[in-house]
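*Asks:* Sequence:
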Amino acid sequence: MLVKDGPTMTMSPFLTLCLGGKKDAVLARQRARRVASLLNFDAHEQICIAAGTFVIASQALVLFGKAKICFQIKNQHLHIFAQEPDSQVSPEEGSVVRLHGGTVEPTARRLAGLFPMVDPKSLFRMTKPLPVRELAAEEVELGWLVKQVEKTACNSVFDEIIKQNQEILALLHELRIFQLKNPQKEEKLPNPHAA
Numbered sequence: 001m002l003v004k005d006g007p008t009m010t011m012s013p014f015l016t017l018c019l020g021g022k023k024d025a026v027l028a029r030q031r032a033r034r035v036a037s038l039l040n041f042d043a044h045e046q047i048c049i050a051a052g053t054f055v056i057a058s059q060a061l062v063l064f065g066k067a068k069i070c071f072q073i074k075n076q077h078l079h080i081f082a083q084e085p086d087s088q089v090s091p092e093e094g095s096v097v098r099l100h101g102g103t104v105e106p107t108a109r110r111l112a113g114l115f116p117m118v119d120p121k122s123l124f125r126m127t128k129p130l131p132v133r134e135l136a137a138e139e140v141e142l143g144w145l146v147k148q149v150e151k152t153a154c155n156s157v158f159d160e161i162i163k164q165n166q167e168i169l170a171l172l173h174e175l176r177i178f179q180l181k182n183p184q185k186e187e188k189l190p191n192p193h194a195a
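Just so we're aligned, residue 1 is where the sequence shown starts under the numbering used here, counting upward by one.
These are computed hints drawn from the structure, not numbers from a lab. Warning: the hint list may mix true and false statements.
Mimicking DSS-like on lysine-lysine, the simulated pairs with C-alpha atoms at most 30 Å apart in a straight line are [said to hold, decoys possible]: (1) K181 with K163; (2) K151 with K22; (3) K22 with K163; (4) K128 with K22; (5) K147 with K74; (6) K151 with K163; (7) K128 with K147; (8) K23 with K163; (9) K23 with K128; (10) K22 with K147; (11) K151 with K74; (12) K128 with K151; (13) K163 with K74; (14) K23 with K151; (15) K147 with K23; (16) K163 with K147; (17) K74 with K22.
Restraint-style ranges between C-beta atoms, simulated for each label pair [as the list claims (entries may be wrong)]: (18) L180 with Q76: 33 to 43 Å; (19) N75 with N182: 33 to 43 Å; (20) K22 with I177: 32 to 42 Å; (21) D86 with K128: 23 to 33 Å; (22) I161 with H44: 18 to 28 Å; (23) K181 with V62: 38 to 48 Å; (24) L172 with P131: 18 to 28 Å; (25) K181 with W144: 40 to 50 Å; (26) K128 with S12: 10 to 20 Å; (27) A153 with K128: 16 to 26 Å; (28) Q184 with W144: 42 to 52 Å.
Backbone N, C-alpha and C fix where the C-beta goes; we use that ideal spot for every residue, glycine too.
Let the hints inform the model, and build the full structure from the sequences given.
*Replies:* In structure tokens form, the structure reads like this:
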């Protein structure tokens with residue numbers, strides 16, 4: 001039996017990652033892929049979620065100097081967002097994973113004030129509808145499961161680069177197959193540097 005209406009979990013994140021530098025953004029990408037896999041997203045969506053998380057982490061690091069990446073489920077959607085490091089998420093509400101230390105740049109708060117239409121504590125966000133699953137996990141189970149996977153998983157930046165390379169090769173292969181099945185005249189693109 002398929003459950004179409006999955007969990008309507010609370011507002012608290014089930015996983016929070018503390019970012020202090022560029023290496024942490026790559027590791028956040030790796031963890032996002034694992035979370036997407038645990039939630040039964042297909043391979044393409046896992047790649048998209050991992051890449052989107054990396055963009056969110058990178059932009060938050062530029063703005064804040066260090067940041068927190070939060071993963072939560074709300075209204076049958078996976079939400080991934082960045083917050084300033086001083087935004088409080090208690091460990092009881094989610095699984096807090098500290099990656100590395102970092103320093104907050106003094107201009108970060110001034111820059112956050114330049115975005116009046118959004119909450120400066122949560123500027124960057126990605127939302128994906130959850131896939132239909134046979135058994136919907138409860139929030140407590142998901143948080144526990146993520147903790148268990150993180151305890152046993154390899155967390156090397158090099159491992160993440162290997163996985164990214166595999167994804168790129170697979171996507172290029174799929175693109176090539178599509179191009180061979182759908183031959184079209186190659187249109188000559190205009191040269192932007194032509195006079």
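*Asks:* Now, for every hint given, state plainly whether the structure supports it.
*Replies:* Hint check:
For a cut-off of 30 Å, the pair hint linking K181 to K163 stands: about 27 Å separates their Cα positions. Annotation: proposed proximity of K151 to K22 holds, straight-line Cα distance about 22 Å (limit 30 Å). Only pairs whose Cα atoms come within 30 Å are accepted, and K22 paired with K163 is accepted, the gap being roughly 17 Å. With a C-alpha separation of about 24 Å, the suggested pair K128 and K22 falls inside the 30 Å cut-off, and the hint holds.
For the given pair, K147 sits about 20 Å from K74 by alpha-carbon distance, which is consistent with the 30 Å threshold. Distance check on the hinted pair: K151 and K163 sit about 19 Å apart at the alpha-carbon level, within 30 Å; holds. Among the hinted pairs, K128 with K147 is consistent with the structure: their alpha-carbon atoms are about 22 Å apart, no more than 30 Å. Taken as a hint, the K23 and K163 pair is honoured in the structure, with Cα atoms around 15 Å apart against an allowance of 30 Å.
A distance of roughly 25 Å separates the Cα atoms of K23 and K128; the hinted pair therefore holds under the 30 Å criterion. The straight-line distance between the Cα atoms of K22 and K147 is roughly 23 Å, inside the 30 Å bound, and the hint therefore holds. Our distance criterion of 30 Å between C-alpha atoms is met by K151 and K74, whose separation comes to about 25 Å. For the proposed pair K128 and K151, the alpha carbon gap of about 26 Å is at most 30 Å, so the pair holds.
This hinted pair checks out: K163 and K74 have alpha carbons roughly 28 Å apart, not beyond 30 Å. Proposed proximity of K23 and K151 is supported: the alpha carbons are some 19 Å apart, at most 30 Å. For the proposed pair K147 and K23, the alpha carbon gap of about 20 Å is at most 30 Å, so the pair holds. The suggested pairing of K163 with K147 holds, with an alpha-carbon distance near 21 Å, which does not exceed 30 Å.
With a CA separation close to 28 Å, the supplied pair K74 and K22 stays within the 30 Å bound. At roughly 38 Å, the beta carbons of L180 and Q76 sit within the given window of 33 to 43 Å. For N75 paired with N182, a C-beta distance near 37 Å keeps the hint of 33 to 43 Å intact. Hint check: K22 to I177, Cβ distance near 34 Å, so the stated range 32 to 42 Å holds.
Judged by the Cβ atoms, the range 23 to 33 Å given for D86 and K128 holds: they are separated by roughly 27 Å. Separated by about 20 Å at the C-beta atoms, I161 and H44 satisfy the suggested range of 18 to 28 Å. Look at K181 against V62: about 41 Å separates their beta carbons, and that is inside 38 to 48 Å. At about 25 Å, the beta-carbon gap between L172 and P131 stays in the expected band of 18 to 28 Å.
The supplied range of 40 to 50 Å is met by K181 and W144, whose beta-carbon atoms lie about 44 Å from each other. Checked against the hint of 10 to 20 Å, the pair K128 and S12 passes, with Cβ atoms roughly 19 Å apart. Separated by about 21 Å at the C-beta atoms, A153 and K128 satisfy the suggested range of 16 to 26 Å. Checking the proposed 42 to 52 Å range against Q184 and W144 shows it holds: the Cβ atoms sit about 50 Å from each other.
In this structure, none of the earlier numbered hints is contradicted; all agree with it.
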